[in-house]
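Student: Letter by letter, the chains look like this.
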Amino acid sequence: EAQVTQNPRYLITVTGKKLTVTCSQNMNHEYMSWYRQDPGLGLRQIYYSMNVEVTDKGDVPEGYKVSRKEKRNFPLILESPSPNQTSLYFCASSLQGRLHEQYFGPGTRLTVT
Amino acid sequence: KNEVEQSPQNLTAQEGEFITINCSYSVGISALHWLQQHPGGGIVSLFMLSSGKKKHGRLIATINIQEKHSSLHITASHPRDSAVYICAARGDNTDKLIFGTGTRLQVFP
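Line by line, the protein sequences give chains G and R. Under the working numbering, the first residue of the first sequence carries the number 1, and numbering increases by one thereafter. Under the working numbering, the first residue of the second sequence carries the number 1001, and numbering increases by one thereafter.
Source of the hints: derived by calculation from the structure; they are not laboratory data. Every value quoted in this text rests on a predicted model; they were computed, and no experiment measured them. Check each hint, because a few of them may be wrong.
Claimed, not checked - Listed below are several chain R residues computed to face chain G (Cβ distance under 7 Å; list not exhaustive):
# : residue
1 : G1042
2 : S1045
3 : M1048
4 : L1097
All C-beta atoms in this analysis are idealised placements derived from N, C-alpha and C, irrespective of residue type, glycine included.
Build out the structure end to end from the sequences listed, making use of the hints.
Tutor: As structure tokens, this is what we get:
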């Protein structure tokens, strides 16, 4: 089944404790992206990747890192999480960026205390 | 002012009604996406369009590039259509998406 998976789905952590949210797709998509969703602000793009070893900042990249060492994986790294990073995070992929629709993962609800 | 604005923010309807959700944008775009977010949180892509009109089942999406406006229509609405509908604009020469804040639709039997 074609899908985007994220892990973990729920995470409660403390300020400053490094964490990684994994994202994987099995559709051989070139484009992958991370978004956060906050009440009243909607979805905002954090980082995106056009292909392996090619990443770029979205609108809210501060406090996040990403890497794209393999085509299928695009982990989101929070080196020192803070409470303002409490949010619902979505990973998405598409065949080739702007030209194609996006497939979304199920979301990761992160709480930083 | 947001670059992508949706209206209305909230919408209630009786089953069977015709629904229209509007999206206006202020940037030049290469494509506009319509997404559906279910009450459980999952997001599904409904349409991606750069001109004209697309139809899938009871859903129709239209876009007017000159007026920088898109609409999502739902014919013969059903309670299972209850969700948040989000439009997102992909700017010219960029792979960033700019999202509207969504329209929450509730359809009652």
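Student: Which numbered hints are broken by the structure, listed smallest first?
Tutor: none
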